[in-house]
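Listed below, chain by chain, are the residues.
4 protein chains.
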Amino acid sequence: MLRPRERETGRDRDRIVNLSDGVFAIAITLLVLDIRVPNIPEDLVSTELPGELLSLWPRYLGYFLSFICISVFWTIHHSIFRPIRAYDRNLLYLNFLFLMLVAFVPFPTALLGKYGDHQLSVAVYAATLAVGRLLLTAIQWYSTRDERLLDEPQDPATVRFFLIRGVAIPAIFLLSIAISFFSVSAAIWTWFAMIAVDALVIHRRFS
Amino acid sequence: MLRPRERETGRDRDRIVNLSDGVFAIAITLLVLDIRVPNIPEDLVSTELPGELLSLWPRYLGYFLSFICISVFWTIHHSIFRPIRAYDRNLLYLNFLFLMLVAFVPFPTALLGKYGDHQLSVAVYAATLAVGRLLLTAIQWYSTRDERLLDEPQDPATVRFFLIRGVAIPAIFLLSIAISFFSVSAAIWTWFAMIAVDALVIHRRFS
Amino acid sequence: MLRPRERETGRDRDRIVNLSDGVFAIAITLLVLDIRVPNIPEDLVSTELPGELLSLWPRYLGYFLSFICISVFWTIHHSIFRPIRAYDRNLLYLNFLFLMLVAFVPFPTALLGKYGDHQLSVAVYAATLAVGRLLLTAIQWYSTRDERLLDEPQDPATVRFFLIRGVAIPAIFLLSIAISFFSVSAAIWTWFAMIAVDALVIHRRFS
Amino acid sequence: MLRPRERETGRDRDRIVNLSDGVFAIAITLLVLDIRVPNIPEDLVSTELPGELLSLWPRYLGYFLSFICISVFWTIHHSIFRPIRAYDRNLLYLNFLFLMLVAFVPFPTALLGKYGDHQLSVAVYAATLAVGRLLLTAIQWYSTRDERLLDEPQDPATVRFFLIRGVAIPAIFLLSIAISFFSVSAAIWTWFAMIAVDALVIHRRFS
Numbered sequence: 000m001l002r003p004r005e006r007e008t009g010r011d012r013d014r015i016v017n018l019s020d021g022v023f024a025i026a027i028t029l030l031v032l033d034i035r036v037p038n039i040p041e042d043l044v045s046t047e048l049p050g051e052l053l054s055l056w057p058r059y060l061g062y063f064l065s066f067i068c069i070s071v072f073w074t075i076h077h078s079i080f081r082p083i084r085a086y087d088r089n090l091l092y093l094n095f096l097f098l099m100l101v102a103f104v105p106f107p108t109a110l111l112g113k114y115g116d117h118q119l120s121v122a123v124y125a126a127t128l129a130v131g132r133l134l135l136t137a138i139q140w141y142s143t144r145d146e147r148l149l150d151e152p153q154d155p156a157t158v159r160f161f162l163i164r165g166v167a168i169p170a171i172f173l174l175s176i177a178i179s180f181f182s183v184s185a186a187i188w189t190w191f192a193m194i195a196v197d198a199l200v201i202h203r204r205f206s
Numbered sequence: 000m001l002r003p004r005e006r007e008t009g010r011d012r013d014r015i016v017n018l019s020d021g022v023f024a025i026a027i028t029l030l031v032l033d034i035r036v037p038n039i040p041e042d043l044v045s046t047e048l049p050g051e052l053l054s055l056w057p058r059y060l061g062y063f064l065s066f067i068c069i070s071v072f073w074t075i076h077h078s079i080f081r082p083i084r085a086y087d088r089n090l091l092y093l094n095f096l097f098l099m100l101v102a103f104v105p106f107p108t109a110l111l112g113k114y115g116d117h118q119l120s121v122a123v124y125a126a127t128l129a130v131g132r133l134l135l136t137a138i139q140w141y142s143t144r145d146e147r148l149l150d151e152p153q154d155p156a157t158v159r160f161f162l163i164r165g166v167a168i169p170a171i172f173l174l175s176i177a178i179s180f181f182s183v184s185a186a187i188w189t190w191f192a193m194i195a196v197d198a199l200v201i202h203r204r205f206s
Numbered sequence: 000m001l002r003p004r005e006r007e008t009g010r011d012r013d014r015i016v017n018l019s020d021g022v023f024a025i026a027i028t029l030l031v032l033d034i035r036v037p038n039i040p041e042d043l044v045s046t047e048l049p050g051e052l053l054s055l056w057p058r059y060l061g062y063f064l065s066f067i068c069i070s071v072f073w074t075i076h077h078s079i080f081r082p083i084r085a086y087d088r089n090l091l092y093l094n095f096l097f098l099m100l101v102a103f104v105p106f107p108t109a110l111l112g113k114y115g116d117h118q119l120s121v122a123v124y125a126a127t128l129a130v131g132r133l134l135l136t137a138i139q140w141y142s143t144r145d146e147r148l149l150d151e152p153q154d155p156a157t158v159r160f161f162l163i164r165g166v167a168i169p170a171i172f173l174l175s176i177a178i179s180f181f182s183v184s185a186a187i188w189t190w191f192a193m194i195a196v197d198a199l200v201i202h203r204r205f206s
Numbered sequence: 000m001l002r003p004r005e006r007e008t009g010r011d012r013d014r015i016v017n018l019s020d021g022v023f024a025i026a027i028t029l030l031v032l033d034i035r036v037p038n039i040p041e042d043l044v045s046t047e048l049p050g051e052l053l054s055l056w057p058r059y060l061g062y063f064l065s066f067i068c069i070s071v072f073w074t075i076h077h078s079i080f081r082p083i084r085a086y087d088r089n090l091l092y093l094n095f096l097f098l099m100l101v102a103f104v105p106f107p108t109a110l111l112g113k114y115g116d117h118q119l120s121v122a123v124y125a126a127t128l129a130v131g132r133l134l135l136t137a138i139q140w141y142s143t144r145d146e147r148l149l150d151e152p153q154d155p156a157t158v159r160f161f162l163i164r165g166v167a168i169p170a171i172f173l174l175s176i177a178i179s180f181f182s183v184s185a186a187i188w189t190w191f192a193m194i195a196v197d198a199l200v201i202h203r204r205f206s
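First to last, the protein sequences are chains A, B, C and D.
Going by numbering that gives the first Met the number 0, 147 is the number at position 148 of the first sequence; the sequence numbering is gapless.
Going by numbering that gives the first Met the number 0, 148 is the number at position 149 of the second sequence; the sequence numbering is gapless.
Going by numbering that gives the first Met the number 0, 116 is the number at position 117 of the third sequence; the sequence numbering is gapless.
Going by numbering that gives the first Met the number 0, 99 is the number at position 100 of the fourth sequence; the sequence numbering is gapless.
Hints in this document: simulated from the structure, not taken from any laboratory.
One or more hints might be untrue.
25 Å max Cα-Cα, derived BS3-like pairs, lysine-lysine [to be verified]:
| no. | chain 1 | residue 1 | chain 2 | residue 2 |
| --- | --- | --- | --- | --- |
| 1 | D | 113 | A | 113 |
| 2 | B | 113 | A | 113 |
| 3 | B | 113 | C | 113 |
| 4 | C | 113 | D | 113 |
Go ahead and model the full structure; you've got the sequences and the hints to work with.
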């Protein structure tokens with residue numbers, strides 16, 4: 000029902016951004032629902048509560064990891080949409096596909112929190128984030144490809160840098176699936192290493 | 000408590016749109032809560048987790064389907080409200096009724112995910128979306144009927160096209176209920192076919 | 000940390016309204032989580048699903064009723080905040096207290112959905128909504144009492160009308176608690192009658 | 000992907016504030032999910048429901064306490080971000096860390112609601128809120144340290160007052176952990192006393 004021949008402007012862009020922010024905000028806040036208070040018989044609480052709370056560590060880790068990943072997604076989404084002044088139906092569809100992945104993250108996070116020592120959970124988690132990140136790269140590629148969607152021309156070197164980054168990160172996620180067949184914990188460490196290196200690269204490039 | 004004799008403007012319209020976007024964002028994000036991590040005894044996880052995750056496919060399908068349907072609802076809602084510059088109490092009531100249906104979607108989705116091979120689940124799902132879509136058509140009909148609610152006059156041919164579409168889609172949903180008495184899966188395929196044909200028609204008309 | 004001597008303006012007002020809208024949107028969308036798909040053994044689904052879905056009617060009713068009540072609260076909140084251009088700490092505190100009640104509504108709704116034929120559930124529900132409505136009246140009273148918080152002076156007759164309405168509705172909710180000692184269903188009917196009469200009075204007054 | 004050399008302005012600031020408001024709104028609204036309707040056999044409801052509802056008092060208390068704490072966090076966040084006209088990557092990271100704590104609050108609240116008479120629950124709750132409050136203080140310190148992030152210069156005495164407050168409150172939360180080893184309920188009372196004294200100090204200072 001969008002009128003695609005006329006590019007939309009102003010408050011239209013704002014509404015797509017608002018909906019996206021709503022999905023981001025809810026997805027990161029729902030993550031906590033997966034950390035459940037353990038059930039312990041009344042007379043054993045004092046002795047068992049500390050151990051039970053410690054044994055939830057895979058869920059804290061999953062919360063922490065998914066919170067970071069969705070935050071990074073938001074930051075990238077934010078910088079992609081900043082120069083966008085108009086959008087068409089394709090961009091709308093890509094954005095909905097991307098949001099479908101973002102809203103799905105609580106499920107692989109819960110899987111990782113419960114069966115984090117199994118290869119399949121790690122693979123499902125990595126695959127979800129790889130696809131999500133690829134969709135974000137597709138949104139970036141689509142929006143910068145067409146000057147009409149942008150407020151101002153983008154620096155080509157910066158656009159190229161972000162497209163390379165936008166392909167490298169999902170590639171590493173997919174690589175971690177291969178790693179997970181040999182060592183599940185090595186695969187998980189790959190993610191944290193990737194997040195740290197990525198932050199460092201960004202920091203280096205812009206200061 | 001609205002002052003109906005004076006049509007509201009500007010930020011009033013924004014607030015009704017913001018509330019609606021909030022409901023949309025939450026409804027699509029809550030859908031994932033229905034995909035629950037299976038409970039498997041520790042020693043059987045390696046062998047049973049793949050099968051258990053695969054057996055959740057009706058829930059992934061429900062997630063996918065409802066995500067698309069609510070996204071399409073949002074897109075239509077978005078294009079209805081774009082030219083609206085004012086609203087009155089009737090529009091507010093219609094919008095709340097519509098949001099009541101949108102916020103309800105997670106329930107028939109869960110029903111479909113659990114008992115998707117039963118006729119009743121399919122009928123409840125189709126009926127919910129038919130009523131939701133009809134309310135959206137009612138909002139469109141009401142807002143375009145009265146020039147005073149709009150920023151600028153609408154093209155009558157486009158308005159007619161969208162009203163016809165807005166009646167055809169719920170009619171197909173209701174038809175799928177009839178189909179479901181003969182074949183449950185045929186009814187579900189009807190929905191996907193309808194979504195595809197609808198996207199195609201929209202694409203054809205505007206390019 | 001607000002600077003109370005300087006009245007806040009513009010985007011400050013917007014942020015308090017945005018937070019409130021977020022709470023409204025989430026509260027009405029969470030209501031659906033209380034309608035749970037029944038657990039039925041696989042071989043009995045065909046025969047028992049219709050009956051089980053019908054037996055959920057108190058939950059549908061609770062969903063419907065709370066959705067209406069929160070929608071009415073939103074409409075009133077909306078019209079109270081429309082002329083507000085500034086706020087001080089007292090208004091902020093009153094608004095948070097009110098939101099605490101709005102966010103609480105899913106609990107009495109769940110209680111009503113499960114034990115709706117018991118006097119206590121009806122009393123808890125009525126008391127929650129009476130207190131919420133009174134807080135809304137307090138917000139209105141506070142904001143219209145002080146011209147400095149408003150964009151433009153309000154019509155005194157209209158202000159008086161809304162204050163009377165804002166005291167009459169919680170009074171009827173409290174009265175329904177007394178009624179519930181004699182008949183639980185009469186108390187519930189009182190609410191629906193009140194909602195209908197209220198809508199009629201508003202309609203009469205403004206047309 | 001932010002361009003750190005150019006400070007961001009206008010709608011960028013708005014988007015970070017909107018995301019934060021979304022997380023605040025969802026976190027306070029999810030708190031109610033922890034107050035669950037008790038399961039009572041049908042024939043015992045009349046006699047047992049009152050007692051069961053009363054026995055939920057630690058959960059009502061947790062709801063009330065966490066609602067207040069998150070509201071106070073919002074109020075402070077709100078006044079920190081009001082004069083901010085730009086932000087850089089550090090501020091973004093600090094804000095995400097802070098939101099991670101805000102979104103986490105429902106877990107220690109549930110712990111307190113279930114095992115509120117145990118020292119560990121009280122310590123986990125106090126630690127979560129102390130860390131959250133310290134992150135908020137870090138955001139304030141960072142944003143006022145650098146004039147370039149602000150719309151207008153801040154009064155140094157007021158900045159100092161809020162930094163002292165921003166260190167004193169988490170210190171009291173940490174102190175309450177020490178108190179909890181001697182008396183769990185004394186620790187909980189410390190929080191309420193702190194909230195009341197804090198509100199009083201703020202009121203005194205600004206009137």
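Here's how the hints hold up against the structure:
1. Pair hint residue 113(D) plus residue 113(A) holds up; C-alpha atoms about 22 Å apart against a cutoff of 25 Å.
2. Proposed proximity of residue 113(B) and residue 113(A) is supported: the alpha carbons are some 22 Å apart, at most 25 Å.
3. Distance restraint check for residue 113(B) and residue 113(C): the Cα-Cα separation of roughly 22 Å lies within the 25 Å cut-off, and the hinted pair is therefore satisfied.
4. The hinted pair formed by residue 113(C) and residue 113(D) meets the criterion: a straight-line CA distance of about 22 Å does not exceed 25 Å.
Hint violations for this structure: none, all hints satisfied.
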